[in-house]
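Participant: One letter stands for each residue in the lines below.
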Amino acid sequence: MSTSVVERIGNATLSHLEYVGRLTIQFRQALRCLGRTLPLIGNRNRWRSALWQMLAVGVDAFPMIGIMAVCAGFILAMQGASELRRFGAMQFVVDLVTIGFTRELGPLLTAIAVSGRSGSAFSAEIGSMVVTEEIDALRTMAIDPVEFLLAPKYMAALIVLPCLTIVSNACGILAGGLFMRLSTGMAMSVYLQYAVHSMVLRDVVTGLVKSLAFATIIVHVGCLEGFRVQGGPDAVGRSATSAVVKSTFLVILADVGFTAIFYLTGGY
Amino acid sequence: MAARPVISVRDVVVSYSGQRVLDGINLDVFRGETMVLLGGSGSGKSTLLRQIIGLERPQSGQILVNGTDIGNCPPKELKKLRRSIGVAFQDAALFNSMSLEENVALPLWEHTRLEESTIRLMTWMKLAVVGLAEFGHLSPQALSGGMRKRAAVARALSLDPEILVFDEPSAGLDPIVAAELDELILGLKRAFNMTVVVVTHEMASAFRIADRMAMLYKGSLIAVGTKEELQNSPHPRIRQFFDRIPDQIADPAVIDNFFERYVKGG
Numbered sequence: 095m096s097t098s099v100v101e102r103i104g105n106a107t108l109s110h111l112e113y114v115g116r117l118t119i120q121f122r123q124a125l126r127c128l129g130r131t132l133p134l135i136g137n138r139n140r141w142r143s144a145l146w147q148m149l150a151v152g153v154d155a156f157p158m159i160g161i162m163a164v165c166a167g168f169i170l171a172m173q174g175a176s177e178l179r180r181f182g183a184m185q186f187v188v189d190l191v192t193i194g195f196t197r198e199l200g201p202l203l204t205a206i207a208v209s210g211r212s213g214s215a216f217s218a219e220i221g222s223m224v225v226t227e228e229i230d231a232l233r234t235m236a237i238d239p240v241e242f243l244l245a246p247k248y249m250a251a252l253i254v255l256p257c258l259t260i261v262s263n264a265c266g267i268l269a270g271g272l273f274m275r276l277s278t279g280m281a282m283s284v285y286l287q288y289a290v291h292s293m294v295l296r297d298v299v300t301g302l303v304k305s306l307a308f309a310t311i312i313v314h315v316g317c318l319e320g321f322r323v324q325g326g327p328d329a330v331g332r333s334a335t336s337a338v339v340k341s342t343f344l345v346i347l348a349d350v351g352f353t354a355i356f357y358l359t360g361g362y
Numbered sequence: 003m004a005a006r007p008v009i010s011v012r013d014v015v016v017s018y019s020g021q022r023v024l025d026g027i028n029l030d031v032f033r034g035e036t037m038v039l040l041g042g043s044g045s046g047k048s049t050l051l052r053q054i055i056g057l058e059r060p061q062s063g064q065i066l067v068n069g070t071d072i073g074n075c076p077p078k079e080l081k082k083l084r085r086s087i088g089v090a091f092q093d094a095a096l097f098n099s100m101s102l103e104e105n106v107a108l109p110l111w112e113h114t115r116l117e118e119s120t121i122r123l124m125t126w127m128k129l130a131v132v133g134l135a136e137f138g139h140l141s142p143q144a145l146s147g148g149m150r151k152r153a154a155v156a157r158a159l160s161l162d163p164e165i166l167v168f169d170e171p172s173a174g175l176d177p178i179v180a181a182e183l184d185e186l187i188l189g190l191k192r193a194f195n196m197t198v199v200v201v202t203h204e205m206a207s208a209f210r211i212a213d214r215m216a217m218l219y220k221g222s223l224i225a226v227g228t229k230e231e232l233q234n235s236p237h238p239r240i241r242q243f244f245d246r247i248p249d250q251i252a253d254p255a256v257i258d259n260f261f262e263r264y265v266k267g268g
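From first to last, the protein sequence lines stand for chains A and B. Going by the numbering used here, the letters in the first sequence line up with residues 95 to 362, in that order. Going by the numbering used here, the letters in the second sequence line up with residues 3 to 268, in that order.
Derived from the structure by calculation, the hints contain no laboratory data. Each hint should be verified, as a subset may be incorrect.
[Said to hold, decoys possible] Mimicking DMTMM-like on lysine to aspartate or glutamate, the simulated pairs with C-alpha atoms at most 25 Å apart in a straight line are:
| hint | chain 1 | residue 1 | chain 2 | residue 2 |
| --- | --- | --- | --- | --- |
| 1 | B | 78 | A | 241 |
| 2 | B | 81 | A | 230 |
| 3 | B | 220 | B | 13 |
| 4 | B | 81 | B | 118 |
| 5 | B | 78 | A | 238 |
| 6 | B | 78 | A | 227 |
| 7 | B | 82 | A | 230 |
| 8 | B | 229 | B | 164 |
| 9 | B | 81 | A | 241 |
| 10 | B | 81 | A | 227 |
| 11 | B | 82 | A | 238 |
| 12 | B | 82 | A | 241 |
| 13 | B | 78 | A | 230 |
| 14 | B | 229 | B | 253 |
| 15 | B | 81 | A | 238 |
| 16 | B | 81 | B | 112 |
| 17 | B | 220 | B | 182 |
| 18 | B | 82 | A | 227 |
| 19 | B | 229 | B | 182 |
| 20 | B | 82 | B | 118 |
| 21 | B | 81 | B | 71 |
Quick caveat, the model's predicted, so the values are computed rather than measured.
Bound-form chain A, shown alone (with noise of 0.2 Å):
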């Protein structure tokens, strides 16, 4: 018995190191093509093949993505306030939310918003050709799937995720502004002024940064899911549904890495 279960633990442990093992041949071989994604100096087709990427990645996770971040700002203004209030302390509100969505909430929400929508699709996507012998006709015609698939996937999502994040924190801070604005007559424009004030640019560029790791996870773990799809149609379900909970899971997981840096380093 307990052999066993030293052989099951092996099993998963050796298993584990083999995806982390492909991860990482994956990423090598998107970054020796992901020059060639870009517009005048790369491939016509793939510069093109991004740029439909980032309609779909992007522009299309627009609105959820913003109704989303209004959502979480209120929440974040309306929890922060129920504790202030009483201490008489409801303008450190503001950096709250200000705070709150440069630093963390901007980058993860849009990293967990784009792994349920993009994650899952792109795994689907290229599962679905593994089963149907596409991938293997790209290869016998000489056309090397990663390149092919996805490093326009990766150029589209290392643009799109740090403009969407953007986004958010916008989203997020005016949501605040507005709770404010109901809640005590804030009047926006000085909330806003307080909001610049506690912002700080080293916060912000470490969401971006954070939001360029996550996209990296994100297109790795959904093109992964789908190229290690074996069989038929319930394969392709099962791999959109390993890609979402992998690539959110791998996301938070970061994002501490990531966060206790920042702290470590004296930032935070």
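Chain B: place on chain A using the hints.
Facilitator: This is chain B only, laid out in the frame that chain A set:
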């Protein structure tokens, strides 16, 4: 027929989870000939095909395409080799997100620096060869099974390959459409003097198109020869295959063995 083989399979061994799927295969395909790989389900013929087109590597042995080992060559060389092989997959494997025209044009877009107008003309010509010239704007989902297979042939032809490979061209088609596809393969071979490799288990189709045939059984080649040689072969497996004699589905020894173990509680 020239004596130099275009495809040379040398002692190829492939196993999946300890089970040998291909067991020391040796086969030569010569320039300009149509080689049909015959075999029942699970005989390893599709695995052999995947090895020949370089999608998988053998555990041992090698596959030489024009003298280059396709399983073990630098990426640049592999890319060149792959451009010389056109593959028509069993279920066509057309990209559903693209129109038929875009599917056929894709290899040209990827590997050439031709003008858009030239690519369009070349695409139209390839589609015309397979009789789909006026359907280029349609998406693959809008086509019938036979049309999709012909479209896959057009895409396989787009870089003017030297070798054309078909995986089960007649599978899932009615006899008339299957016969049309056979004629298309014969026509292409005549027109472009291509080397053609076809994997199939459809006897009528095999006899119509083959110059030579190779018969696989349980991962081994049990016969290679002309149509007549195989047709007259006394080998019991070949006779069984040609005369459509079924295997005994339920093996009594296996059933006895199972019950014996069941009773003993194993």
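Participant: Which of the listed hints are broken here?
Facilitator: 14, 17
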